[in-house]
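Student: Sequence:
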Amino acid sequence: MDGRVRENRDLGHGYYRVAIETEGLRPVFRPGQFFMLRVLNGSDPLLPRAYSIYRMARGRRGRRARVDLLYKVVGRGTAQLAAQRPGAALDLLGPLGNAFWVPPGTAELLLVAGGIGVPPVIALAEAVAARGCGARGRPSQRPAMVAFLGGRSKADILCASDFRRAGARLHVATEDGSAGRRGLVTDLLEGHLAGQPPRGRPRASGAIYACGPPGMLQRVAEVAGAHGIPCQVSMEAPMGCGIGICMGCAVPVRWREADGTPGVRYRLCCKDGPIFEGSEVLW
Numbered sequence: 003m004d005g006r007v008r009e010n011r012d013l014g015h016g017y018y019r020v021a022i023e024t025e026g027l028r029p030v031f032r033p034g035q036f037f038m039l040r041v042l043n044g045s046d047p048l049l050p051r052a053y054s055i056y057r058m059a060r061g062r063r064g065r066r067a068r069v070d071l072l073y074k075v076v077g078r079g080t081a082q083l084a085a086q087r088p089g090a091a092l093d094l095l096g097p098l099g100n101a102f103w104v105p106p107g108t109a110e111l112l113l114v115a116g117g118i119g120v121p122p123v124i125a126l127a128e129a130v131a132a133r134g135c136g137a138r139g140r141p142s143q144r145p146a147m148v149a150f151l152g153g154r155s156k157a158d159i160l161c162a163s164d165f166r167r168a169g170a171r172l173h174v175a176t177e178d179g180s181a182g183r184r185g186l187v188t189d190l191l192e193g194h195l196a197g198q199p200p201r202g203r204p205r206a207s208g209a210i211y212a213c214g215p216p217g218m219l220q221r222v223a224e225v226a227g228a229h230g231i232p233c234q235v236s237m238e239a240p241m242g243c244g245i246g247i248c249m250g251c252a253v254p255v256r257w258r259e260a261d262g263t264p265g266v267r268y269r270l271c272c273k274d275g276p277i278f279e280g281s282e283v284l285w
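For the sequence shown, the numbering used here gives the first residue as 3, with consecutive numbering after it.
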């Protein structure tokens with residue numbers, strides 16, 4: 003589908019927020035889904051890039067929808083997108099992929115995001131704040147939310163105010179100590195899980211939702227496994243199509259044969275993901 007840049011705001015330190023308006027698209031998505039996007043004023047790079055959805059809303063007129071994406075300039079595709087001005091034409095495909103889900107009875111959501119891994123995690127927090135549930139299920143009592151944001155420096159801490167507005171208790175870690183605690187965001191998660199529940203009560207039924215660099219996701223999955231807590235991770239892999247045709251975004255996952263023999267299968271990040279159970283990914 004065709005889209006037009008409405009705003010492309012430089013947030014500093016290589017981070018941008020682009021707002022895109024498109025015709026005939028309902029402003030509805032599930033937290034964790036993504037768009038494939040390509041700039042139309044050239045053929046290099048030829049293939050589109052995948053961007054997690056930050057927000058969607060009704061556009062200014064008629065049947066238009068507004069899609070908001072957060073991104074960081076890391077290569078040719080994102081550099082080309084950063085150069086686009088209001089009115090520039092874009093080609094979009096989406097929303098695509100599966101989504102985060104909140105199992106019934108979940109009392110506490112532990113939200114972990116590293117750097118530009120924020121969009122699907124804040125999208126989940128805002129969905130829970132608005133509806134009392136996550137990507138699927140009927141509205142219910144809103145679970146408590148604790149957000150853990152990490153980055154190399156304070157420049158990499160994004161959407162902190164968004165998490166607070168959504169009602170999440172916020173913890174921040176930076177590797178250089180310029181914001182929050184010095185160290186890794188996974189240290190904060192481990193510290194939280196190691197804490198004793200007040201007044202000797204059992205810990206509330208919780209689940210972990212994470213997006214960020216592969217090393218961070220692996221550690222989050224390990225911590226979740228050690229504490230017996232369900233964990234969903236938003237994976238990233240090179241994608242050429244976004245719909246399972248090119249087979250370029252395979253993710254190795256654990257598999258058991260009919261006789262119980264452990265093995266490995268490959269699932270597509272675009273079609274089977276990008277959300278996976280942390281315990282199933284073969285890191």
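Keep in mind the hints are simulated off the structure, nothing from the lab.
Among the clues, some could well be false.
Quick list of simulated restraints, FRET-style, between CB atoms [to be verified]:
id : residue 1 : residue 2 : range
1  : Q220      : A132      : 39 to 45 Å
2  : P106      : R166      : 43 to 49 Å
3  : P47       : G217      : 24 to 30 Å
4  : Q220      : V76       : 19 to 25 Å
5  : A239      : P264      : 19 to 25 Å
6  : P254      : P106      : 16 to 22 Å
7  : E25       : G230      : 46 to 52 Å
8  : E177      : A260      : 31 to 37 Å
9  : P264      : R78       : 26 to 32 Å
10 : E259      : L49       : 22 to 28 Å
On a predicted model such as this, the values are computed, not experimentally measured, just so you know.
Where a beta carbon is used, it is the ideal one built from N, C-alpha and C, also for glycine.
Student: Taking the Cβ atom of P106 and the Cβ atom of R166, is their distance within the range 43 to 49 Å?
Tutor: 27 Å, violated
Student: Taking the beta carbons of P254 and P106, is their distance inside 16 to 22 Å?
Tutor: For P254 and P106 the Cβ distance comes to about 30 Å; the hint is violated.
Student: With respect to the beta-carbon atoms only, verify the hint that E259 and L49 lie 22 to 28 Å apart.
Tutor: 35 Å, violated
Student: Has the hinted range 19 to 25 Å been met by the Cβ atoms of Q220 and V76?
Tutor: Hint holds: Cβ distance 20 Å, inside 19 to 25 Å.
Student: For the pair Q220 and A132, does the Cβ-Cβ distance stay inside 39 to 45 Å?
Tutor: With a Cβ separation near 31 Å, Q220 and A132 fall outside 39 to 45 Å, so the hint is violated.
Student: P47 and G217, beta-carbon distance inside 24 to 30 Å?
Tutor: Taking Cβ atoms as reference, P47 and G217 lie about 26 Å apart, which means the hint holds.
Student: Is the hinted range of 19 to 25 Å satisfied by the C-beta distance from A239 to P264?
Tutor: Holds, since A239 and P264 (Cβ atoms, about 23 Å apart) stay within the stated range.
Student: Kindly confirm whether 31 to 37 Å is satisfied by the beta carbon distance between E177 and A260.
Tutor: 46 Å, violated
Student: Could you see if the CB distance from E25 to G230 stays within 46 to 52 Å?
Tutor: 48 Å, holds
Student: Please test the hint of 26 to 32 Å on the beta carbon pair from P264 and R78.
Tutor: 40 Å, violated
Checked against the numbered hints given earlier, the structure breaks hints 1, 2, 6, 8, 9 and 10 and satisfies all the rest.
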